[in-house]
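Those sequence lines, one after another, are chains A and B. Taking the working numbering, I'd label the letters of the first sequence as residues 551 to 975. Taking the working numbering, I'd label the letters of the second sequence as residues 127 to 239.
Honestly, I wouldn't trust all of these hints.
[As the list claims (entries may be wrong)] If you anchor each label on the Cβ, the simulated ranges turn out as follows:
#	chain 1	residue 1	chain 2	residue 2	range
1	A	K654	B	S157	22 to 30 Å
2	A	T859	B	A143	40 to 48 Å
3	B	A198	A	E852	40 to 48 Å
4	B	D147	A	A708	50 to 58 Å
It is worth saying that the hints were derived from the structure and are not from the lab. Since the model is a prediction, treat every value here as computed from it, not as a measurement. Think of the CB as a built atom: it goes at the ideal place given N, C-alpha and C, for glycine as much as any other residue.
One-letter residues, chain by chain:
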Amino acid sequence: MTVAAGSLVQEFRYGLDAPICLTWELTYACNLSCVHCLSSSGRRDPRELTTQECQRVIDELERMQVFYVNIGGGEPTVRPDFWELVDYATAHHVGVKFSTNGVKITPAIAARLARSDYVDVQISLDGATADVNDAVRGPGSYQTALRAMRHLADAGFAGFKISVVMTRHNVGQLDAFKTIADSFGAQLRITRLRPSGRGADVWDELHPTAAQQRQLYEWLRAHGENVLTGDSFFHLAGYGEGLPGLNMCGAGRVVCLIDPVGDVYACPFAIHDSFLAGNVRDAGGFARVWRSSDLFTELRTEQSGGACTSCSAYDACQGGCMAAKFFTGLPLDGPDPECVRGHGEQALAQVGHGTVPRPSGDHSHRGRDRRPVPVSIGPRPPVLAGTGPAETGPGGTGAAVTMVARSVPARGCDESPLAGFRPPV
Amino acid sequence: MSTSPVVAHQASVPAPAFDLDAPWQLHPQVSVRPERFGALLYHFGTRRLSFLKSRELLAVVSELDRQPTARAACQAAGLAEAELPAYTRALATLAAGRMICPLDTTASEETQL
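My request is simple: use the sequences and hints to build the entire structure.
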């Protein structure tokens, strides 16, 4: 027990002068129509930030010493100025990790990416087989993703990320995902399905069952540091032993989202007016929104645990994910809908029809069936086993004062940059 | 949980050796952001974050580049002799994570990245 370390966790809860990292969705345009898209992407928003406006945001992030941004979308690489903006960010000491479905990752682009220490790539894949993946992400998306991975591996890009949203249909494929990642010298990253964006429409049928949650928890416990989670499964800490991570909601405290039109939300999974803090186009820019918006100021005060505070797991799970509660109609000071003690199921049963908030903004492609047709294409067999880089670090406690926390695998950063950080208890 | 995972981890791993009398520097690919509690460190090569949990440690790290040895950096930061063992462990942890590095091996480290 070290007082200094405990106060560090408190410092994070009360917010930092600047985010440790943030998510920036550059465009709502996307070539795919994934059924669970957290930002309901598809069509470009005509009010999208211009190249110059994006550069001004990057200038601000540099001044605030935001070390890196997680760029997503939509499919960010379809912006004509995407590579220009990546170059601009890295030239201004803002590192970039971007998420892509792989559509633009040609051999030439892969070679270019492999040369930069300041750019990391995350390929989305939601099934270890084409049938499971394409049922969620659309026909052909599995092949597109695996082709991109092959190009990155051929170019010598070691340790790129394969990012998987866990669903009822792919929890059983965890070992297969790991095999795919190992075969490319990549690192597996798995995150939680949220009822955000179009995800609200499919959450009931796609979120893992209670038994699958337990399976997922045990698998993560067994694979520990080699698999990244973005700290997104902290609600599973209610099972007992916590997973690597800070086990706190970082929304508006250490992370946030900038959307394509410059709106700043508390987290990437909370695109709703209730979580809108301001816009980077407003006077004072992003820094003012981060430092003094009413919403973020409120989030940095002591939060009520409500009914959960009497539960013995509360210290571990902290009541779970704010966005998951909100978009399933549950009170923010109540249990997570996937509470491992089962309190979420009871609470969900009491949610009245028509009372669940809808995500703000729908950018989905029009006149198109949103549900991709499942197809059966065999996966490319894994060819080579390897291991991902072990991202562990030695602890740093002194006898009387704790001064250095463990090195944290910042590559795990998405919703929370603190993945892998184990706070002293 | 009654024990700190950090302490438990620490107990199972011997503290790496650290030469207080050698010249050290902040790794050239590391960026430092001061915070109320100390500082955040980010290594652009390894893409790792570390936290300095005290302003005093930040002062020591900041002095490394200006002083001939790590011991001199500790003295310049105003540390008492009795505090050196704890700070030596902290510096060893930073060195193990390549947040700081010996002054003369920077070039070879960079070529590995």
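Against the structure, the hints:
Checked against the hint of 22 to 30 Å, the pair A:K654 and B:S157 passes, with Cβ atoms roughly 29 Å apart. At about 46 Å, the CB distance of A:T859 to B:A143 agrees with the hint of 40 to 48 Å. For the hinted restraint 40 to 48 Å between B:A198 and A:E852, the CB-CB distance of approximately 43 Å keeps it satisfied. At about 36 Å, the CB distance of B:D147 to A:A708 disagrees with the hint of 50 to 58 Å.
Comparing the model with each numbered hint stated earlier shows that hint 4 is the single one that does not hold.
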